[in-house]
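Number of protein chains: 2
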Amino acid sequence: MKKIVFDLLNNDNGEEQAILGAKRFLQENSDYFLILVGHEQLIKKHLSDYIDRIAIINNETIVHIESSPRDVLRTQNSMLEAFKQLNESNADGILSSGDSGSLITLSSLKVKRLLGIERPAFMPILPTTTDKKMLLIDAGANIEIKPEYLSQWAMIASEWYSILFGSKKPIVGQLNVGVEEYKGSEITKNAKNILKEVSKSANFVFNGYVEATNAINGDIDILVVDGYGGNVFLKTLEGTFIAFSKLLKNILLKNWKTKLAALILKRHLREFKQKFDYRNTGGAFIIGLEKIVVKAHGGSDELAFYNALNQIKIGIENNISTILNKKFKEADNED
Amino acid sequence: MKKIVFDLLNNDNGEEQAILGAKRFLQENSDYFLILVGHEQLIKKHLSDYIDRIAIINNETIVHIESSPRDVLRTQNSMLEAFKQLNESNADGILSSGDSGSLITLSSLKVKRLLGIERPAFMPILPTTTDKKMLLIDAGANIEIKPEYLSQWAMIASEWYSILFGSKKPIVGQLNVGVEEYKGSEITKNAKNILKEVSKSANFVFNGYVEATNAINGDIDILVVDGYGGNVFLKTLEGTFIAFSKLLKNILLKNWKTKLAALILKRHLREFKQKFDYRNTGGAFIIGLEKIVVKAHGGSDELAFYNALNQIKIGIENNISTILNKKFKEADNED
Numbered sequence: 001m002k003k004i005v006f007d008l009l010n011n012d013n014g015e016e017q018a019i020l021g022a023k024r025f026l027q028e029n030s031d032y033f034l035i036l037v038g039h040e041q042l043i044k045k046h047l048s049d050y051i052d053r054i055a056i057i058n059n060e061t062i063v064h065i066e067s068s069p070r071d072v073l074r075t076q077n078s079m080l081e082a083f084k085q086l087n088e089s090n091a092d093g094i095l096s097s098g099d100s101g102s103l104i105t106l107s108s109l110k111v112k113r114l115l116g117i118e119r120p121a122f123m124p125i126l127p128t129t130t131d132k133k134m135l136l137i138d139a140g141a142n143i144e145i146k147p148e149y150l151s152q153w154a155m156i157a158s159e160w161y162s163i164l165f166g167s168k169k170p171i172v173g174q175l176n177v178g179v180e181e182y183k184g185s186e187i188t189k190n191a192k193n194i195l196k197e198v199s200k201s202a203n204f205v206f207n208g209y210v211e212a213t214n215a216i217n218g219d220i221d222i223l224v225v226d227g228y229g230g231n232v233f234l235k236t237l238e239g240t241f242i243a244f245s246k247l248l249k250n251i252l253l254k255n256w257k258t259k260l261a262a263l264i265l266k267r268h269l270r271e272f273k274q275k276f277d278y279r280n281t282g283g284a285f286i287i288g289l290e291k292i293v294v295k296a297h298g299g300s301d302e303l304a305f306y307n308a309l310n311q312i313k314i315g316i317e318n319n320i321s322t323i324l325n326k327k328f329k330e331a332d333n334e335d
Numbered sequence: 001m002k003k004i005v006f007d008l009l010n011n012d013n014g015e016e017q018a019i020l021g022a023k024r025f026l027q028e029n030s031d032y033f034l035i036l037v038g039h040e041q042l043i044k045k046h047l048s049d050y051i052d053r054i055a056i057i058n059n060e061t062i063v064h065i066e067s068s069p070r071d072v073l074r075t076q077n078s079m080l081e082a083f084k085q086l087n088e089s090n091a092d093g094i095l096s097s098g099d100s101g102s103l104i105t106l107s108s109l110k111v112k113r114l115l116g117i118e119r120p121a122f123m124p125i126l127p128t129t130t131d132k133k134m135l136l137i138d139a140g141a142n143i144e145i146k147p148e149y150l151s152q153w154a155m156i157a158s159e160w161y162s163i164l165f166g167s168k169k170p171i172v173g174q175l176n177v178g179v180e181e182y183k184g185s186e187i188t189k190n191a192k193n194i195l196k197e198v199s200k201s202a203n204f205v206f207n208g209y210v211e212a213t214n215a216i217n218g219d220i221d222i223l224v225v226d227g228y229g230g231n232v233f234l235k236t237l238e239g240t241f242i243a244f245s246k247l248l249k250n251i252l253l254k255n256w257k258t259k260l261a262a263l264i265l266k267r268h269l270r271e272f273k274q275k276f277d278y279r280n281t282g283g284a285f286i287i288g289l290e291k292i293v294v295k296a297h298g299g300s301d302e303l304a305f306y307n308a309l310n311q312i313k314i315g316i317e318n319n320i321s322t323i324l325n326k327k328f329k330e331a332d333n334e335d
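Residue numbers (full-length UniProt numbering), protein chains in the order written: chain A, 1 to 335; chain B, 1 to 335.
Heads up, some of the hints might be wrong.
Any copy will do: because identical chains look the same in the list, a pair fits if it lies in one copy or spans two.
The calculated lysine-lysine pairs, modelled on BS3-like cross-linking and capped at a C-alpha distance of 27 Å, are [said to hold, decoys possible]:
#, residue 1, residue 2
1, Lys146, Lys259
2, Lys329, Lys246
3, Lys327, Lys273
4, Lys133, Lys254
5, Lys327, Lys169
6, Lys3, Lys246
7, Lys132, Lys254
8, Lys2, Lys273
9, Lys169, Lys133
10, Lys329, Lys257
11, Lys183, Lys146
12, Lys168, Lys313
Since the hints were made in silico from the structure, they are not lab data.
Please read these numbers as outputs of a predicted model, since none were measured by experiment.
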C-alpha cells in the first residue's frame, strides 16, 4: 500500500476541512494508507469507516513562528511530527497547509535531496490566460541562488509538467527584466547559459528570457527564476487579481442597471474568477527531494485538500522520485 | 524663461504626436521655451506660431540598441543630442519617450547627480485601487543595489510625492518577500535598518516591509525596492492588467446577452481601464539628478506628451532640484 503523511493542523479553516478532504481521498483510493497527524478524537469521529487504512498520530500543537522558520524545530508541533512520520513509516509523500518557510526548512533538513540537487525549491501551479497551466519555480524558497540551480530545477519541473499535463517537451522560460541578452544580473546571465547548454540533452525546450509582462500568456510551460523574483511575480499576480476582482465588483454593484448586467455575466465571471483564484490551482510542490512534498494553500477547503492528495498520488503512480533519481544519476555519470 | 529639452524621436507613434503635445504645452505656458530635437521641417510645419519660444535642433537619427544601452553613445542620435542641449542651454528638464536603458545611461553619464546620491533610479507613477497614486522606485535602473540607495531614493521620492500629490509626509514601504523581520536578503534587511533610521528626521513615514500582494491597495504612497524586484513588480502588474482586460473583453463579447451587459457597463469599465492603463499614469522620472528627466511611455500620444511636459513643469515651479540639493547638503553636513 502507498503511504501519504498528512499534517491536518496549521490551516486557516480548521482541521475539519482537512479531515473531510482525507475522507474523500480514502473513499476513492482503496490502495492508499494515510498517516494523519492531528486531534485523535476528531479524526476518529469522521474516519471510523477507514480505520484499517489510517494511522492516527495525536498532536494538538500548531506551528508558531516568531523570529525564524527554524522555530518550527523548537516545539513538538504537528508539522515536525509529520516529517518524523514520513521517515519512520517510509511514506511516499507528505501534505501540509502550514507556513511555507517552516515547510521548506523541514523539507531541507528532514528529507533526503535528489542526487545532484543543491537546494529544494517552491513550485506552485499557476493559471495562464489560455487553458494551459504553468509551473513557477522558485516561488520563494531561495532568495539568493547559484546559477546552476535554475537548470536543476528546470529538469525536475519538466518531469512534473509531463506527468501532470502530458506535454513531452515543455517549454521553459527564464524570468528576467528584459529579453535582451545584455539585461539582468551576472547570476541571471550565467544561469541562462547553463540552461541553454543543459536543454540540449534535457526533456525541455529552453526559450530564453521572458518578461513578467508576457509570462502568463500561455507561451511558457515552466517559468524558472530565483526565489526573490519568483515571489514578487507570484504575489503581484495574486494581488492584481484580488484588486481587479474588487474593482470589478464595485462596478457591478453600482446601481440597478449594473446589477442587471452582473446577473447576465454571473456564470462567465465565476468561471474567470475560479480560474485565477490561486486557491483553485492546486497545492505547491517543494521539489528537489526524494519524497513528494506538497503545500496546500492556507485557506484550503475539503476539495482543495482532496486535490492536493491527488497531486501527490499522480507523482507516486508515475514513480517521479525514481525517474528523477535515475536521470540525475545519469547526468552525474556523464560528467 | 524656463527651458525644457524634448527628444521628439524614438517613440512608437511617430514624431507628430510629440510635436502636437509640445504645441499644446506652448499654447498654455507662455513663460516656457522648448528645445526640440527632431525633423526640422515637420516641427516648423506645426509650430510656426511659436517660433520665438522654440529652438529646433534638426536630427533624424533614432536610437538603435544592439548589444548594450551604451550603444546610445555610438551614433549622433536625437536622444544623445537632446542631452547635449540640456547641458549647453542650461535647461531645467528633458523629456524623451525612447529606450529606458539608453535614457538611464545618458542620465548617468551626462547629467550631474544630486549631492549624496550614488545612483539615479527609475520612478514611474502607478495607480492604486483607491483614488491615490503611488510612486515606485526603482523600476529597473539598478538591478543590484547597495542598501543605502533605498533611503536616498525614498528622500527624493517623498519630495516629489509632496509636490505632485500634496501629502506632507508620504508613507514609504519597502517591497519584500514577506513582512516578517527575518525575511529577505541581507541587502534588503540592511536597507530596512537604514530606512528606519533615516525616516526619523526625513519627510516620510517608514512603514516597513510590504508584500507585492498588498502593494497597490493605497496604504503605501512610495514603494522602494531594488530595480530587479521593482521591474518584476511593475511588469507583472502591467501584464496581469492586460491579461485580465482581454479575458473580460472575451466574456463581454460572448453572445448578445453579454453584449447587452457590456453596453450597460461601458462607461464604468472605461473609467476603470483608463485608471489602470499605465499609459495614463504619466511619465516616469529618472531621479537623483540635478535636472528633471522624464521618460514618456513609448506609446504616448499628444495628451500623454503634454502631461509629461507638465510633470517637468511642476518640478521646475517647485524648485525641486534646489530643494533636494539643499536637503542632501544638510544631511551631508550633519554626518
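Hints versus structure:
no.	hint	result
1	Lys146 to Lys259	neither (53 Å within a copy, 51 Å between copies)
2	Lys329 to Lys246	neither (49 Å within a copy, 45 Å between copies)
3	Lys327 to Lys273	neither (39 Å within a copy, 48 Å between copies)
4	Lys133 to Lys254	between (34 Å within a copy, 23 Å between copies)
5	Lys327 to Lys169	within (15 Å within a copy, 57 Å between copies)
6	Lys3 to Lys246	neither (41 Å within a copy, 44 Å between copies)
7	Lys132 to Lys254	between (34 Å within a copy, 20 Å between copies)
8	Lys2 to Lys273	neither (35 Å within a copy, 51 Å between copies)
9	Lys169 to Lys133	within (15 Å within a copy, 44 Å between copies)
10	Lys329 to Lys257	neither (64 Å within a copy, 58 Å between copies)
11	Lys183 to Lys146	both (18 Å within a copy, 19 Å between copies)
12	Lys168 to Lys313	within (20 Å within a copy, 57 Å between copies)
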